[in-house]
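Can you build the whole structure from these sequences, using the hints too?
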Amino acid sequence: MKIAFITYSGSVKYSGANGFDEIQDLLPFLQNKGLDIHAEIWDDPEVEWQKYDVALLRMPWDYHQKFEAFNNWLDRIEALGIKLLNSYQTVRWNIDKHYLKEIIDAGFDVIPSVFLEKEWDGNFSTIFNSLKSDQIIVKPCVSGGSRNTFKLNAETARGRADEIVTLLLDGAYIAQPFMKEIEDGEWSFTFFNGRYSHTILKKPKTGDFRVQQFFGGTIDRMEPEQSLIDQAASYLPAFAQDTLYARVDGVLVDGKFVLMELELVEPFLYLAYAQEAPENFYHALKEKVDSFKVNED
193 MKIAFITYSG
203 SVKYSGANGF
213 DEIQDLLPFL
223 QNKGLDIHAE
233 IWDDPEVEWQ
243 KYDVALLRMP
253 WDYHQKFEAF
263 NNWLDRIEAL
273 GIKLLNSYQT
283 VRWNIDKHYL
293 KEIIDAGFDV
303 IPSVFLEKEW
313 DGNFSTIFNS
323 LKSDQIIVKP
333 CVSGGSRNTF
343 KLNAETARGR
353 ADEIVTLLLD
363 GAYIAQPFMK
373 EIEDGEWSFT
383 FFNGRYSHTI
393 LKKPKTGDFR
403 VQQFFGGTID
413 RMEPEQSLID
423 QAASYLPAFA
433 QDTLYARVDG
443 VLVDGKFVLM
453 ELELVEPFLY
463 LAYAQEAPEN
473 FYHALKEKVD
483 SFKVNED
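My numbering puts the first residue of the sequence shown at 193, with every later residue one more than the last.
Hints may be right or wrong, so weigh each one.
Pairs of lysine-lysine, DSS-like flavour, derived with a Cα cap of 25 Å [said to hold, decoys possible]:
hint, residue 1, residue 2
1, Lys485, Lys194
2, Lys289, Lys448
3, Lys324, Lys225
4, Lys289, Lys310
5, Lys310, Lys343
6, Lys194, Lys225
7, Lys372, Lys395
8, Lys293, Lys372
9, Lys225, Lys485
10, Lys324, Lys343
11, Lys258, Lys331
12, Lys448, Lys372
13, Lys243, Lys225
14, Lys243, Lys194
15, Lys397, Lys372
16, Lys331, Lys395
17, Lys372, Lys343
18, Lys324, Lys372
19, Lys289, Lys324
20, Lys293, Lys343
21, Lys478, Lys225
22, Lys324, Lys310
23, Lys289, Lys372
24, Lys331, Lys343
25, Lys331, Lys293
26, Lys485, Lys243
27, Lys289, Lys343
28, Lys258, Lys310
29, Lys397, Lys448
Derived by calculation from the structure, the hints in this document are not laboratory data.
Since this is a predicted model, take the numbers as computed values, not measurements.
Right under this line is the structure:
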């Protein structure tokens with residue numbers, strides 16, 4: 193099967209580590225394994241999508257800035273009968289942080305969340321009271337890379353209320369309590385075809401709350417106890433079934449894993465931080481593609 197390795201035209205802010213650069217090295221690694229896979233920019237009008245059987249979402253990292261165009265592209269390649277990894281249903285569900293409400297309503301441990309819709313009146317006091325926190329994080333429901341993300345207390349919130357009300361004209365936002373546990377690190381558990389692969393811990397630089405490398409955050413591989421892996425894996429059967437890749441992000445609160453994000457669209461997989469991770473990803477991808485072939489036969 194011919195596979196499109198989906199990228200975007202923007203710059204890349206992640207750096208390689210441990211002799212493997214996920215941005216530069218993953219595609220040739222997969223090609224050298226014998227897969228018929230080629231990089232394509234998702235919104236390049238010159239791409240002949242009909243020649244592909246499978247589209248693998250790896251780095252369409254500007255989708256949140258071109259949201260309507262991205263959804264139209266999904267519709268177009270689905271109409272061509274191209275298989276998407278992860279699936280169209282999964283991507284459309286996970287692309288908007290309103291999905292967290294479904295997980296909360298199902299009784300899973302998730303950071304408390306309040307959604308700010310276009311009708312919101314800018315009254316932050318009710319948000320702080322609802323979240324029972326004196327510091328909150330506010331970010332778009334469709335976003336990436338901490339874009340338009342605010343850390344607010346009661347005083348700074350009053351000063352940003354009008355700005356955020358204006359931003360809501362372009363889409364809903366989510367408000368969550370600032371979790372002091374983020375200072376101890378955000379855990380990311382990665383699973384391929386539902387099987388555990390590896391874990392990393394991302395820590396913000398001193399005085400910041402953003403864990404991304406391009407904001408000065410650090411990354412370390414972790415070897416968590418099986419009980420912690422099981423807690424992270426518990427979200428998969430209900431919300432990430434039959435996914436090629438799933439990254440489960442969260443913090444430890446009193447030793448218990450609490451979900452921040454379930455990343456099923458285009459997450460960075462931190463393949464460089466576990467020697468076996470690229471091989472794990474390849475075997476999962478081949479398994480998935482082979483299953484498509486069997487179904488077609």
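Hint check against the structure, violated hint numbers in rising order: Checked against the structure, the only hint that fails is number 3, while the rest are satisfied.
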